[in-house]
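> Chain residues, written in single-letter form:
Number of protein chains: 2
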Amino acid sequence: MKLSALPTPCLVLDRGILARNLDTMARAVARHSTALRPHMKTAKSIDVARMALGTPLAQTAGITVSTLAEAEYFLSHGITDQLYAVGITPQKLERVAELNGTAGDIKIITDDPDVATAIAAHPAGARTLIEIDCGEGRGGIGPDSPAVLEIASRLGPRLAGIMTHAGHSYSGRSIADMAAIAETERQGAIIAAERLRAAGHACPIVSMGSSPTALYAGSLAGITEVRAGVYMLGDLFQAEIGTHGPADIAVTVLTSVIGRRPAERRIVVDAGGIALSKDRSTESAPHDWGFGHARDIMGEPTLGHALVKRANQEHGIIDLDPTLPDPGFRIGDKLRIAPNHVCMTSAAHDRYFVVDGSDEVIAVWRRINGW
Amino acid sequence: MKLSALPTPCLVLDRGILARNLDTMARAVARHSTALRPHMKTAKSIDVARMALGTPLAQTAGITVSTLAEAEYFLSHGITDQLYAVGITPQKLERVAELNGTAGDIKIITDDPDVATAIAAHPAGARTLIEIDCGEGRGGIGPDSPAVLEIASRLGPRLAGIMTHAGHSYSGRSIADMAAIAETERQGAIIAAERLRAAGHACPIVSMGSSPTALYAGSLAGITEVRAGVYMLGDLFQAEIGTHGPADIAVTVLTSVIGRRPAERRIVVDAGGIALSKDRSTESAPHDWGFGHARDIMGEPTLGHALVKRANQEHGIIDLDPTLPDPGFRIGDKLRIAPNHVCMTSAAHDRYFVVDGSDEVIAVWRRINGW
Numbered sequence: 004m005k006l007s008a009l010p011t012p013c014l015v016l017d018r019g020i021l022a023r024n025l026d027t028m029a030r031a032v033a034r035h036s037t038a039l040r041p042h043m044k045t046a047k048s049i050d051v052a053r054m055a056l057g058t059p060l061a062q063t064a065g066i067t068v069s070t071l072a073e074a075e076y077f078l079s080h081g082i083t084d085q086l087y088a089v090g091i092t093p094q095k096l097e098r099v100a101e102l103n104g105t106a107g108d109i110k111i112i113t114d115d116p117d118v119a120t121a122i123a124a125h126p127a128g129a130r131t132l133i134e135i136d137c138g139e140g141r142g143g144i145g146p147d148s149p150a151v152l153e154i155a156s157r158l159g160p161r162l163a164g165i166m167t168h169a170g171h172s173y174s175g176r177s178i179a180d181m182a183a184i185a186e187t188e189r190q191g192a193i194i195a196a197e198r199l200r201a202a203g204h205a206c207p208i209v210s211m212g213s214s215p216t217a218l219y220a221g222s223l224a225g226i227t228e229v230r231a232g233v234y235m236l237g238d239l240f241q242a243e244i245g246t247h248g249p250a251d252i253a254v255t256v257l258t259s260v261i262g263r264r265p266a267e268r269r270i271v272v273d274a275g276g277i278a279l280s281k282d283r284s285t286e287s288a289p290h291d292w293g294f295g296h297a298r299d300i301m302g303e304p305t306l307g308h309a310l311v312k313r314a315n316q317e318h319g320i321i322d323l324d325p326t327l328p329d330p331g332f333r334i335g336d337k338l339r340i341a342p343n344h345v346c347m348t349s350a351a352h353d354r355y356f357v358v359d360g361s362d363e364v365i366a367v368w369r370r371i372n373g374w
Numbered sequence: 004m005k006l007s008a009l010p011t012p013c014l015v016l017d018r019g020i021l022a023r024n025l026d027t028m029a030r031a032v033a034r035h036s037t038a039l040r041p042h043m044k045t046a047k048s049i050d051v052a053r054m055a056l057g058t059p060l061a062q063t064a065g066i067t068v069s070t071l072a073e074a075e076y077f078l079s080h081g082i083t084d085q086l087y088a089v090g091i092t093p094q095k096l097e098r099v100a101e102l103n104g105t106a107g108d109i110k111i112i113t114d115d116p117d118v119a120t121a122i123a124a125h126p127a128g129a130r131t132l133i134e135i136d137c138g139e140g141r142g143g144i145g146p147d148s149p150a151v152l153e154i155a156s157r158l159g160p161r162l163a164g165i166m167t168h169a170g171h172s173y174s175g176r177s178i179a180d181m182a183a184i185a186e187t188e189r190q191g192a193i194i195a196a197e198r199l200r201a202a203g204h205a206c207p208i209v210s211m212g213s214s215p216t217a218l219y220a221g222s223l224a225g226i227t228e229v230r231a232g233v234y235m236l237g238d239l240f241q242a243e244i245g246t247h248g249p250a251d252i253a254v255t256v257l258t259s260v261i262g263r264r265p266a267e268r269r270i271v272v273d274a275g276g277i278a279l280s281k282d283r284s285t286e287s288a289p290h291d292w293g294f295g296h297a298r299d300i301m302g303e304p305t306l307g308h309a310l311v312k313r314a315n316q317e318h319g320i321i322d323l324d325p326t327l328p329d330p331g332f333r334i335g336d337k338l339r340i341a342p343n344h345v346c347m348t349s350a351a352h353d354r355y356f357v358v359d360g361s362d363e364v365i366a367v368w369r370r371i372n373g374w
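Just so you know, the protein sequences line up as chains B and V, in that order.
For any residue, its number in this note's numbering is found by taking its place in the first sequence, counting from 1, and adding 3.
For any residue, its number in this note's numbering is found by taking its place in the second sequence, counting from 1, and adding 3.
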């Protein structure tokens, strides 16, 4: 089947670009003697997970997930070694225990002494990492905090190590910025791990990561695994901050022209706020891409600077590039929209239509959405 | 089951508030001798549709839908009279024909002469409304455009009337603003309908509507039906523009506290950008509610001015109200987040957990997402 025959809007994934992005990260991590634990929060697909785990270039260490729905799905496909990298609540321990009772080794994270007590008290308490804040200001406690040792003591044999996430690396605008943040992230992890060991705790896992810091870390000494996910699929924001190029965006939204406003050099398409998401990541980037960059059906940027300026629920309004001749679209013609933030855009879609450098659909890969 | 026992994040719908919102709109439309065609794009639920169609206060005329997935779903539940209110493409005619072949009367819209030719040529071409632009600048042609008559001629017996949508009514900030836009919307519809009739075409359907204009129109003379949808569920944006009050928000996101940062008077919850959407509608409203307003588990605003300031994929960061005592949250405590834009927020969730003024879950209603 050709892309032109697909109902729109829908999500297109270019397998060749995905493979190249996986390769780039695998090479970056292979500079260090550290394993890669791919984060599946972006792709949410077993087919992508198999590719991410299958690269011969880097040692891989299971996967990272962002929801228990992902954990259950990937476990059902045989991936037992997982890290659920969102702070656990006592209520969620039961579902984790059920999954781990069916051969799973789903590790959880906490930054809270009371939760550590609940984990230790649960008859099937999972292996647990202590979450460290290395500057992002979201989850985690400081590496120097007394609570690190308090939580470790309460976890007892459940303690499996520490983890941190430098989400603020996405505010970096140069490789030097990101390398500096990676070193802060590494230091945060190392300091906490050393404190645990000095107090007599085993700390087998020392986990850090974000796509920018995994790519550009100068050293990963002392780190046992790095986590990264969004690099697999790519988006306009990552292209803006320079972690990949504009041609490395593997996921686009296929859409049909549903309205023409030639006097305004504007078209209306059937990819609106739901199909694209309302994410405006590039608002803070060097160049603001509105709600997405319109490309031709082959995914090539032949439409120049054609932006989704407005996104209503099922309508996207595209301002065509005023420096190019009018492309003369007719109703039903198809375009592909490169997303601002691929995690958000993909979340509205339940499957990928997979291509590989052409307009031939070679596979359909399902996604696991929801919680 | 109690709300406190639900896995989070999830969507909560208060049936009593929904019923009140339906009643308000039914009374507003009943002032006129015009039917209400509820738009199901927001609720996407047969249970909500049955309530919207079942009110004895207003005459109702089938439903409006925004996707063919909705059309198929509501048809499978016995609602045959539908208007698919997004510009049709030739490719989509086949799926419409299939649905109409199974007892459906799904009407479609176009503003394009070539598409009108395709509709007329299709062996099972659907009844079609011509889309008029009454000032929104999205879909449609001007009511005075020569294309109105051209499209009508090409449609021939498929022509069923005209429709328009004053989406710009949401930029109104007073009842007078919205009443004025409603009159422009009505005039646009009437002018086009009169031109069709003067040229000898039947124009049985004259359809207009948006929640603000349906509520506040001074006259609907000449209009056979009004469409509105978002009023059913309510959100912060609508409360800001005054089409309902802050207590009329029927849908909230139930979420658990997953992090505490007492020094910053901040908590982290498990409703992030996917569960809440990244919609920032209230950015342009009198008051900016960030990514949502945090309320207590009963949905009451006892937390004061507690806002979701940041929304990462699965993390929401809430700044607590500095004028209130620290609520002393513990990990696992539950809150409900009122959304900026309920159409966008609901789209990430596949079901509503229904309550009615208490924390007891009385039903689970499914949603039809996707396309």
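It is possible that some hints are incorrect.
Unchecked claim - Distance ranges between label pairs, derived from CB positions: (1) V:P304 to B:E97: 23 to 33 Å; (2) V:E101 to B:P328: 18 to 28 Å; (3) V:D329 to B:A123: 19 to 29 Å; (4) V:R30 to B:D84: 35 to 45 Å; (5) V:P265 to B:R333: 33 to 43 Å; (6) V:R34 to B:P328: 26 to 36 Å; (7) V:S156 to B:R333: 50 to 60 Å; (8) B:R333 to V:A201: 26 to 36 Å.
Think of the hints as simulated: they come from the structure by calculation, not from any bench.
Every value quoted in this text rests on a predicted model; they were computed, and no experiment measured them.
Every residue, glycine too, gets a C-beta built ideally from N, C-alpha and C.
> Are the hints correct? Go through all of them and say.
Going through the hints against the structure:
Separated by about 31 Å at the C-beta atoms, V:P304 and B:E97 satisfy the suggested range of 23 to 33 Å. As the Cβ distance of V:E101 to B:P328 is approximately 38 Å, the hint placing it in 18 to 28 Å is violated. Remark: the range hint 19 to 29 Å for V:D329 to B:A123 is upheld by a beta-carbon distance near 27 Å. With their beta carbons about 59 Å apart, V:R30 and B:D84 fall outside the hinted range of 35 to 45 Å.
Checked against the given bound of 33 to 43 Å, the beta carbons of V:P265 and B:R333, roughly 59 Å apart, lie outside it. Under the hint 26 to 36 Å, the C-beta atoms of V:R34 and B:P328, about 51 Å apart, miss the expected range. Here the CB-CB span from V:S156 to B:R333 is close to 19 Å, at odds with the stated 50 to 60 Å. The given range of 26 to 36 Å is respected by B:R333 and V:A201, whose C-beta atoms sit roughly 30 Å from each other.
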